Amino acid sequence: MSVASDSPVHSSSSDDLAAFLETELDSDSDSSSESFPIEQAHDADAQVSNHRLKRQKLEYPEEETENVASVTFSEEISEASSSKVPCEHPGTFGNMCFVCGQKVEVTGVSFGYIHKGFKLQQDEVTRLRDIDMKALQSQRKLCLVLDLDHTLLNSTVLRDLKPEEEYLKSHTHSLQGDVSGGDIFMLEFMHMMTKLRPFVHSFLKEASKMFVMYIYTMGDRPYARQMAKLLDPKGEYFGERIISRDDGTVKHQKSLDVVLGQEKAVLILDDTENAWPGHKDNLIVIERYHFFASSCKQFDHRFQSLSQLKSDESEPDGVLSAVLKVLKQTHSLFFQDGGEDLSSRDVRSLLKQVRKEILKGCKIVFSRVFPTKSQAEDHPLWRVAEGLGATCATEVDASVTHVVAMDVGTEKVRRAIREKKFVVHRGWIDAANYLWKKQPEENFGLEQLKKQGTDDVSAAAAAAASAAAAASMRTVVVRFADADAAADAAAYHIATAGFIGVSRRTQRSDAAAAAGSCVNETNKS
Amino acid sequence: MFFHMVLERNMQLHPRFFGRSLRENLVSKLMKDVEGTISGRHGFVLAVTGIESIGKGLIRDGTPFVTFPVKYRCVVFRPFEGEVLEAVVTTVMQHGFFAEAGPLQLFVSNHEMQDGMEYQAGDIPNYTSSDASVRIQKDCEVLLKITTVSVVATEIFCLGSIKGKYLGLLNDRA
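Note that the protein sequences, when read in sequence, are chains A and B.
Numbered according to full-length UniProt numbering, the first sequence spans residues 1 to 525.
Numbered according to full-length UniProt numbering, the second sequence spans residues 1 to 174.
No wet-lab data here; the hints were simulated from the structure.
Among the hints, erroneous ones may be present.
Claimed, not checked - Subject to a maximum C-alpha distance of 25 Å in a straight line, what follows is the list of computed BS3-like cross-link-like pairs (lysine-lysine):
hint : chain 1 : residue 1 : chain 2 : residue 2
1    : A       : K119      : B       : K138
2    : A       : K363      : A       : K420
3    : B       : K145      : A       : K116
Quantities reported herein were computed from a predicted structural model and do not represent experimental measurements.
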């Protein structure tokens with residue numbers, strides 16, 4: 001206890017203070033107690049000056065005795081804990097605060113994927129997010145939340161396998177040993193077969209250099225963990241960060257509240273926009289991966305799945321590699337050395353920026369795409385086009401570059417053809433939205449729509465009908481696959497990279513009702 | 001702490017199980033129902049070792065089911081405050097680490113560790129002492145003392161501490 005060097009105010013024990021006062025009142029030269037070893041070494045002058053100092057210091061204790069006493073008293077109580085403040089109960093394990101053990105009311109966000117029964121208070125979550133942000137910045141990484149089904153892989157129950165898909169059973173990779181080379185797996189114990197999306201291993205490897213990755217799936221916990229073992233056998237990409245539907249806070253919805261990363265540094269990759277009602281700005285919507293026939297059936301698509309066509313998405317040109325490019329772009333924008341403070345950058349605005357580059361410089365006019373009654377500017381397709389960086393107008397003039405139409409017969413289209421403008425159907429905009437790249441307009445010409453059989457026209461019309469009858473709860477799926485697919489009617493859709501499918505079962509029934517009408521009539525509904 | 005004690009339970013049996021093997025059916029149903037469950041008062045029921053007695057069966061009014069009061073011997077495990085036991089670390093976090101001792105889940109907060117233990121984030125998060133002599137990470141065995149026991153519905157949660165003489169890391173990961 002170097003009481004000599006400290007003033008009495010800082011003495012940490014009331015006993016010491018008493019001793020100090022006692023020795024102080026005694027003659028100073030005789031105060032040879034152990035608490036003043038330093039003074040012993042001082043010469044007489046020093047001792048005199050020290051004594052004077054002590055006198056002055058003595059004034060303080062009189063005023064602040066109470067403060068000192070209260071500090072020491074509470075210290076003695078909280079001697080066991082390292083902090084001197086009462087416990088803030090940052091979270092609970094069971095119904096106890098996990099710091100002090102008291103029974104507290106169980107509120108807070110449940111982090112079941114970290115451990116069962118573990119909950120954290122909102123303040124604590126914010127604090128952890130701040131710490132995480134600093135750690136990420138020093139590592140130059142952001143957060144990436146990945147969906148599983150139809151995004152990174154496609155699973156089917158063995159019962160639902162069609163006869164033409166039976167050949168797959170002989171191609172499955174063994175679950176024993178090294179799974180990192182395999183793409184298709186048979187999980188007998190779960191009665192399922194899973195196909196990983198092409199390019200997924202390289203995607204995860206590249207993305208893990210730039211992002212700390214989470215899995216967030218609507219499957220249950222055992223399924224999520226099993227898929228993580230297939231995607232990440234060493235546990236190096238995801239670790240314990242596997243969130244399943246059992247860990248979500250709201251049923252049938254995903255939210256970033258269980259992700260320990262700040263919202264402005266998190267990107268989400270998912271095939272369903274509506275699963276993330278609160279975080280659409282962080283979301284990159286990806287095209288669905290339909291490998292198995294049951295997957296197509298689930299979404300009421302009538303085209304054949306990739307397994308039935310015995311083909312697969314192209315690895316280097318596929319969807320995942322396009323998304324990887326976008327992720328790289330956003331990441332480099334975030335960590336660009338612009339002298340700007342990193343904490344003020346928001347990945348959401350950067351994502352918008354990247355998106356606006358896609359159709360930059362295009363001016364689009366829509367013909368017979370929107371219902372005449374509604375406001376064109378409010379239509380989702382208009383909004384999507386503007387989000388992609390294009391400007392939209394309602395009348396054709398000299399500056400217009402593209403006309404989006406569903407039928408060649410309209411005045412706008414004829415004028416555009418005369419003036420050598422591009423005439424495309426709406427798949428061109430959707431393709432740009434999903435592939436993050438401007439597509440060649442030749443692949444989306446209106447002639448393509450006409451070439452398809454009547455079935456397909458009505459399907460396309462039905463799709464256009466329901467898509468045009470604006471409602472927010474709709475996702476549009478664009479089909480792309482290798483151009484070497486078989487020359488089948490359905491395959492033709494896929495090969496021409498321009499088919500639009502409707503994914504919602506509920507809207508399908510409306511569409512079926514409207515399917516009888518041709519394109520011209522849909523816009524009057 | 002483990003106990004070997006006699007517990008009682010009323011088992012309901014459907015008449016389809018009556019006959020020569022009624023007693024066997026009753027015992028197997030008992031084992032299926034009770035082994036692996038948690039009783040708030042007695043803790044985890046680990047294994048049924050034998051049947052003490054089976055009382056007279058009474059038919060429940062209005063149903064064909066018959067209720068037998070069964071006394072059985074079983075091994076139970078119940079944590080107590082102040083008890084010291086060995087546990088295996090399962091998850092390490094900023095706030096502390098989770099460990100399990102058989103069926104029991106425990107949490108040791110970083111306030112309940114020796115001074116100088118620091119959390120190290122990374123691929124393998126761990127707690128390291130200031131002189132780097134002690135490193136606690138996943139799959140390590142620790143000797144800890146239970147500080148609080150809490151029974152919530154049919155779950156038992158415990159908080160533990162490794163702050164104390166002879167507590168803390170036992171072995172490194174195998």
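Evaluated hints:
no., hint, result
1, A:K119 <-> B:K138, "21 Å, holds"
2, A:K363 <-> A:K420, "14 Å, holds"
3, B:K145 <-> A:K116, "21 Å, holds"
Of the hints listed earlier, there is not a single one the structure fails to meet.
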